[in-house]
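Residue numbers (our numbering), protein chains in the order written: chain U, 3 to 133; chain Y, 844 to 989.
These are computed hints drawn from the structure, not numbers from a lab.
For glycine and all other residues, C-beta sits at the position ideal for the given N, C-alpha and C.
Please note that the accuracy of each hint is not assured.
Below, in silico cross-link-like pairs of lysine to aspartate or glutamate (DMTMM-like), each with a Cα-Cα straight-line distance of 25 Å or less [what the hints assert, rightly or not]:
no., chain 1, residue 1, chain 2, residue 2
1, Y, Lys929, U, Asp88
2, Y, Lys904, Y, Glu921
3, U, Lys17, U, Asp39
4, Y, Lys922, Y, Glu962
5, U, Lys73, U, Asp86
6, Y, Lys852, U, Glu95
7, Y, Lys922, U, Glu50
8, Y, Lys855, U, Glu131
9, Y, Lys922, U, Asp49
10, U, Lys4, Y, Glu978
11, U, Lys25, U, Glu131
12, Y, Lys924, U, Asp88
13, U, Lys48, Y, Glu925
14, Y, Lys924, Y, Glu962
15, U, Lys25, U, Glu66
16, U, Lys17, U, Glu38
Every beta carbon over 12 Å from chain U, so not counted as near; a handful from chain Y, in silico [to be verified]:
no., residue
17, Met931
18, Lys953
19, Lys986
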Amino acid sequence: MKARIISIPVQDQEKALSFYTGKLGFVKKIDIPLSEDSRWLTVVSKDEQDGPEVLLEPSPGHFEPAKIYQKALFDAGIPYTQFDVDNVQQEYERLVSTGVEFSIKPTEMGPVKIAVFNDTCGNNIQIVEML
Amino acid sequence: MTFYEGEIKRIKNTVYSNQGQLDTVIGTRHHINSNFDIDLNLNLLSHFRFVSKFHLLRLFKKYYGQTPKQYLTETRIEKSKEYLKKGMSITETCFAIGFESPCSFSTLFKNRTGRTPAEFKKEQLSQSRFNADVETLQLLNQKFKQ
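Modelling step: build the complete structure from the supplied sequences, incorporating the hints.
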């Protein structure tokens, strides 16, 4: 068994694709239409295009409990998932300059530094740097 | 304050309040990152941070969830992937990451990644050829549209 995909629920796949590629710097990998309003849509890190894929799944729009769960996590400020970066401070400054909103500014947390931003698709996402 | 912010504050105050211990483990990790290519061991690392090796082992595991040896191995494997991707030979890569025998390097590499260094290199080569083909096709497509 291998872990190849992590999924993130998104309210609007097109908007999510634009945010994850345009602002975060991921690259689109797979895009297969499944029905009128949903696609199997994955993005990968630009530096690791054979690495794990992030599935932008439209579950909140199709399954009410997914929508409720996503909102509860968001309201509590809890990140849906996290991505590694080399330098949290630099990434924070770069993303802020493109209009991304952070709920937690760069903060040292023991052996790591973290920050949390709003992905505009219903989720908080954490970035992490190992110190 | 959100629930998550509260949790971060609580964990910082309870789990990560000892700055001396944090400095020791972070310093050790940086030392491993910069010296993965030499024969590193717990004795050397503990001398470098002026702590007993058993204390260092416990602290490193407490903060990073793995032993210095496990972290060193992980770092070496990641570096070896980088070197192999750049076209370095398997033997050169083996020595560049601090291994003494290409055979033990190959065995460990296969254990950790599921393929031998030779298979990994071959895969990278075919992937880069495929990417080059895709780029050529995209360029041709753009020209055709113009």
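To see whether the hints hold, each was checked on the structure:
{"no.": "1", "hint": "Lys929(Y) <-> Asp88(U)", "result": "20 Å, holds"}
{"no.": "2", "hint": "Lys904(Y) <-> Glu921(Y)", "result": "20 Å, holds"}
{"no.": "3", "hint": "Lys17(U) <-> Asp39(U)", "result": "13 Å, holds"}
{"no.": "4", "hint": "Lys922(Y) <-> Glu962(Y)", "result": "17 Å, holds"}
{"no.": "5", "hint": "Lys73(U) <-> Asp86(U)", "result": "24 Å, holds"}
{"no.": "6", "hint": "Lys852(Y) <-> Glu95(U)", "result": "23 Å, holds"}
{"no.": "7", "hint": "Lys922(Y) <-> Glu50(U)", "result": "14 Å, holds"}
{"no.": "8", "hint": "Lys855(Y) <-> Glu131(U)", "result": "16 Å, holds"}
{"no.": "9", "hint": "Lys922(Y) <-> Asp49(U)", "result": "14 Å, holds"}
{"no.": "10", "hint": "Lys4(U) <-> Glu978(Y)", "result": "29 Å, violated"}
{"no.": "11", "hint": "Lys25(U) <-> Glu131(U)", "result": "19 Å, holds"}
{"no.": "12", "hint": "Lys924(Y) <-> Asp88(U)", "result": "18 Å, holds"}
{"no.": "13", "hint": "Lys48(U) <-> Glu925(Y)", "result": "15 Å, holds"}
{"no.": "14", "hint": "Lys924(Y) <-> Glu962(Y)", "result": "12 Å, holds"}
{"no.": "15", "hint": "Lys25(U) <-> Glu66(U)", "result": "28 Å, violated"}
{"no.": "16", "hint": "Lys17(U) <-> Glu38(U)", "result": "16 Å, holds"}
{"no.": "17", "hint": "Met931", "result": "18 Å, holds"}
{"no.": "18", "hint": "Lys953", "result": "15 Å, holds"}
{"no.": "19", "hint": "Lys986", "result": "22 Å, holds"}
Consistency with the previously given hints fails for numbers 10 and 15, ordered from lowest to highest.
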